[in-house]
Amino acid sequence: MKTENPKTRYSDSELQEFKQLLLDKLKGAKEELNNLASSLSSPNSNGTDDTAGTYKTLEDGSATLEKEQINQLAARQKKFIEQLEAALVRIENKTYGICRETGKLIPKERLRVVPHTTLSMEAKLKQ
1 MKTENPKTRY
11 SDSELQEFKQ
21 LLLDKLKGAK
31 EELNNLASSL
41 SSPNSNGTDD
51 TAGTYKTLED
61 GSATLEKEQI
71 NQLAARQKKF
81 IEQLEAALVR
91 IENKTYGICR
101 ETGKLIPKER
111 LRVVPHTTLS
121 MEAKLKQ
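Following UniProt numbering from start to finish, the sequence shown increments by one per residue and tops out at 127.
One or more of the hints may lead you astray.
As the list claims (entries may be wrong) - Subject to a maximum C-alpha distance of 16 Å in a straight line, what follows is the list of computed EDC-like cross-link-like pairs (lysine to aspartate or glutamate):
| # | residue 1 | residue 2 |
| --- | --- | --- |
| 1 | 126 | 101 |
| 2 | 19 | 85 |
| 3 | 78 | 32 |
| 4 | 78 | 101 |
| 5 | 108 | 17 |
| 6 | 30 | 12 |
| 7 | 79 | 17 |
| 8 | 94 | 12 |
| 9 | 124 | 92 |
| 10 | 25 | 85 |
To be verified - Label-pair restraints from in silico Cβ distances:
| # | residue 1 | residue 2 | range |
| --- | --- | --- | --- |
| 11 | 114 | 16 | 13 to 21 Å |
| 12 | 68 | 122 | 31 to 39 Å |
| 13 | 69 | 8 | 39 to 47 Å |
| 14 | 38 | 8 | 28 to 36 Å |
| 15 | 16 | 63 | 40 to 48 Å |
Because the hints were derived from the structure by calculation, they are not lab data.
Glycine included, each C-beta is placed from N, C-alpha and C at the ideal position.
Produce the complete structure using the sequences and hints provided.
Quick look at the structure:
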């Protein structure tokens, strides 16, 4: 009787496929972060200098809120970049795609959608 030996890790060629996916996502994420950073550093170009003073307070509040939102988006983007970079390290260590809770391989379909994940759906649903 033949016993099946379940895969314990992805092959090197599979890891290369995921590495390319991660590198593409990382490039896009860094471009997005650069766009957010440049929108924070550029002054408001709406040209409202000649409007009445009563609207200046509203304008300042609106600009502050917008900057806070951009800062939150940038922080989220930085965290995403860190997660992608950590996934690349796991590829180099050949531990990529292994659930940190169950120790089982995370299905390829899940990794293609969320390539930086460290949890299988089974473990994620238990959280």
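These are the hints, each one checked on the structure:
Annotation: proposed proximity of residue 126 to residue 101 holds, straight-line Cα distance about 10 Å (limit 16 Å). Distance hint between residue 19 and residue 85 is fulfilled; the C-alpha atoms sit about 10 Å from each other, no more than 16 Å. Only pairs whose Cα atoms come within 16 Å are accepted, and residue 78 paired with residue 32 is accepted, the gap being roughly 10 Å. Of the pairs offered as hints, the one joining residue 78 and residue 101 is violated, with about 25 Å between alpha carbons and a cut-off of 16 Å exceeded.
This hinted pair checks out: residue 108 and residue 17 have alpha carbons roughly 11 Å apart, not beyond 16 Å. The hinted pair formed by residue 30 and residue 12 fails the criterion: a straight-line CA distance of about 26 Å is larger than 16 Å. As the CA atoms of residue 79 and residue 17 are separated by approximately 23 Å, the hinted pair breaks the 16 Å bound. With a C-alpha separation of about 8 Å, the suggested pair residue 94 and residue 12 falls inside the 16 Å cut-off, and the hint holds.
Distance restraint check for residue 124 and residue 92: the Cα-Cα separation of roughly 24 Å exceeds the 16 Å cut-off, and the hinted pair is therefore not satisfied. Restraint check for residue 25 and residue 85: the C-alpha separation of about 10 Å stays at or below 16 Å, so the hint holds. For the pair residue 114 and residue 16, the supplied restraint of 13 to 21 Å holds, since their beta-carbon distance comes to about 19 Å. Judged by the Cβ atoms, the range 31 to 39 Å given for residue 68 and residue 122 holds: they are separated by roughly 37 Å.
Taking the beta carbon of each, residue 69 and residue 8 are about 44 Å apart, inside 39 to 47 Å as hinted. Between residue 38 and residue 8 the CB atoms are about 45 Å apart, so this pair departs from the stated range of 28 to 36 Å. The hinted window of 40 to 48 Å between residue 16 and residue 63 holds, with their beta carbons roughly 46 Å apart.
The earlier numbered hints that this structure contradicts are 4, 6, 7, 9, 14.
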